[in-house]
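Engineer: Each chain, written out:
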Amino acid sequence: MSGSNIKSRYMTQKAAIALLATAVLLVVVPIILIIIYMIANGYSSLSWDFLTQAPAQAGKTGGILPAIIGTIYLMLGTIIFALPVGVTAGIYLSEYARNNWVTRLVNMAILNLAGVPSIVFGLFGLGVFVMTFNLGMSLIAASLTLASQALAMTITTSREAITAVPKEYREGSLAIGVSRWQTIRYVVLPQASPGILTGAILAMSRAAGETAPIIVVGAAFLVGGLPGSPFDRFMALPYHLYTVSAHIPGMPADIKWGVALVLIAMVLFFNILVTMVRFESRKR
Amino acid sequence: MNIADLVNEKNTGLPPKNAPVDGKLRLEQVNLYYGSFRAVKDLSLDIDTCSITAIIGPSGCGKSSMLRLFNRMNDLIASARVEGLVEFDGVDIYQAGVDVVELRKRVGMVFQKPNPFPMSIYDNVAFGPRRHGIRNKRALDEIVEKSLVQAALWDEVKDKLDQSGLSISGGQQQRLCIARVLAVEPEVILMDEPCSALDPIATLKIEDLMRTLTSTYTIVIVTHNMQQAARVSDMTAFLMVDDDRSGTLVEYGATSEIFTNPKNQKTEDYITGRFG
Ligand SMILES: Nc1ncnc2c1ncn2[C@@H]1O[C@H](COP(=O)(O)OP(=O)(O)OP(=O)(O)O)[C@@H](O)[C@H]1O
Ligand SMILES: [Mg+2]
Chain A
1 MSGSNIKSRY MTQKAAIALL ATAVLLVVVP IILIIIYMIA NGYSSLSWDF LTQAPAQAGK
61 TGGILPAIIG TIYLMLGTII FALPVGVTAG IYLSEYARNN WVTRLVNMAI LNLAGVPSIV
121 FGLFGLGVFV MTFNLGMSLI AASLTLASQA LAMTITTSRE AITAVPKEYR EGSLAIGVSR
181 WQTIRYVVLP QASPGILTGA ILAMSRAAGE TAPIIVVGAA FLVGGLPGSP FDRFMALPYH
241 LYTVSAHIPG MPADIKWGVA LVLIAMVLFF NILVTMVRFE SRKR
Chain B
1 MNIADLVNEK NTGLPPKNAP VDGKLRLEQV NLYYGSFRAV KDLSLDIDTC SITAIIGPSG
61 CGKSSMLRLF NRMNDLIASA RVEGLVEFDG VDIYQAGVDV VELRKRVGMV FQKPNPFPMS
121 IYDNVAFGPR RHGIRNKRAL DEIVEKSLVQ AALWDEVKDK LDQSGLSISG GQQQRLCIAR
181 VLAVEPEVIL MDEPCSALDP IATLKIEDLM RTLTSTYTIV IVTHNMQQAA RVSDMTAFLM
241 VDDDRSGTLV EYGATSEIFT NPKNQKTEDY ITGRFG
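Here the protein sequences come in this chain order: A and B.
According to the numbering used here, the first sequence is numbered sequentially starting from 1.
According to the numbering used here, the second sequence is numbered sequentially starting from 1.
Worth flagging that the hints you see were computed from the coordinates, not collected in a lab.
Incorrect hints may appear among the rest.
To be verified - Taking beta-carbon pairs under 10 Å as the criterion, some of the chain A residues facing chain B (in silico):
#1 P30
#2 Y169
#3 G177
#4 S179
C-beta: ideal position from N, C-alpha, C; glycine also.
From just these sequences and the hints, can you work out the full model?
Structural biologist: Right under this line is the structure:
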């Protein structure tokens with residue numbers, strides 16, 4: 001190999017690294033800027049009272065505790081419904097379904113489900129959970145609605161995580177007379193669980209930010225007190241943010257940004273949790 | 001028949017355990033297809049109990065396919081189809097009503113690449129017994145120790161049973177996999193190139209192990225290593241592809257005969273390294 005060839009290859013490599021670094025900057029810088037902007041504008045509203053009190057004067061004073069609690073309930077509700085169904089469907093699709101046109105149709109339907117706009121899920125929830133199932137405008141109807149939307153993600157990530165478990169492990173188990181189901185339960189699922197959990201947490205943090213569908217099925221701007229039962233109406237951070245930003249005249253700006261900060265912090269918290277789960281599982 | 005069998009008698013479609021003919025295998029006019037492709041053709045042979053049978057032949061001639069007939073591992077491949085008679089202790093294992101899970105308890109398998117589960121050494125060995133319903137800690141401890149001793153691994157791992165099965169060397173991992181099979185007390189052990197990922201010393205250890213196990217187990221081993229087949233086996237089956245690319249049994253007989261006085265020219269060419 002000639003010297004100039006090596007040199008030109010070296011240059012190409014340098015150019016490629018520079019390009020990649022630029023791409024990374026393009027992604028990271030806006031995120032950091034947004035967060036700095038939010039902190040700069042919102043930090044003055046943050047206080048212990050803001051996090052632990054109910055809103056007063058249409059949210060202009062007081063805190064946002066009911067909205068924080070409402071959002072936490074929604075996230076939990078979403079995952080309680082979406083995870084078991086997602087894992088079951090993922091197991092079925094990767095382990096039992098034959099590769100025929102029905103399976104392909106189902107997989108395509110799941111793919112399309114992920115692309116359905118969230119307001120459509122809101123209407124679906126209103127028709128099915130609120131009216132047909134007679135759950136009313138309520139926390140449980142909203143959780144089921146958000147769970148329906150999250151299903152596409154929990155099914156897909158479960159299916160992929162299960163498929164990714166090497167076949168050597170399954171064979172090793174089947175070859176000593178362990179049944180198919182026990183092999184899935186004791187060999188495949190433990191191996192797939194970090195992936196499944198990651199998908200679930202991401203689906204949950206996405207549900208935390210949904211605004212449109214929950215308005216349709218039960219979120220309210222101001223509710224007296226915290227929800228006492230799953231059939232109560234509820235407040236939630238994204239809807240609160242929408243209302244204080246768009247509908248209340250004379251709202252102090254730092255309150256809007258404060259609400260946004262709390263929401264972002266919650267989502268970020270869960271994303272960091274995902275990273276930690278992944279990291280821990282890779283160490284093993 | 002032991003007490004557990006009497007108490008817990010269920011219809012597995014298989015002969016009772018510890019019958020006098022334990023661990024006999026037999027093929028009669030067996031064809032195995034992957035889709036329309038016939039991978040092995042017209043296989044007929046008898047494998048005696050408590051013996052080691054080596055299956056040799058060039059790559060792609062159907063050795064693994066043949067081995068996987070005996071524990072119905074081919075069932076996992078959707079396109080695979082079996083014709084003819086495959087018998088375990090005189091029972092056709094492909095007939096309706098045979099419990100495949102039960103069959104695989106009695107006809108265990110060790111693979112080419114060591115595949116311990118990503119769990120502790122102890123849990124690896126206890127995996128089968130636990131799934132088969134043994135919960136008692138003392139009983140499990142005993143099984144784990146006994147199986148590891150049998151697999152000639154106990155002395156090397158007895159102080160680190162709680163370490164990951166993936167943390168030990170390749171040769172130790174393979175013996176761990178053998179211990180995992182022994183823990184469910186099979187009658188037959190199938191081994192598909194168990195030493196091909198191992199160094200010569202680890203290989204010799206596994207061969208020694210096979211020689212000790214053969215007093216109680218029927219062993220069938222696929223190997224590419226002629227010396228290994230000659231060293232370790234009682235019987236040798238030589239497979240080769242014929243004109244329509246299906247694997248056929250060229251010669252089957254006592255290892256000493258096959259290696260010193262083969263009847264077929266192709267066998268002689270293969271074992272002397274003239275092709276393959
Ligand atoms: N799952 C499968 N689907 C289709 N064809 C297969 C499958 N497995 C094996 N075959 C084909 O069957 C033939 C025999 O394969 P097999 O793996 O039994 O050979 P082998 O003798 O074990 O080879 P090697 O020594 O390389 O392991 C080959 O032609 C192979 O391509
Ligand atoms: Mg093979």
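Engineer: Compare the structure with each hint and give your call.
Structural biologist: Cross-check of the supplied hints:
1. P30: violated (39 Å)
2. Y169: holds (6 Å)
3. G177: With a minimum Cβ separation of about 3 Å from chain B (threshold 10 Å), the hint on G177(A) holds.
4. S179: holds (5 Å)
Consistency with the previously given hints fails for number 1 only.
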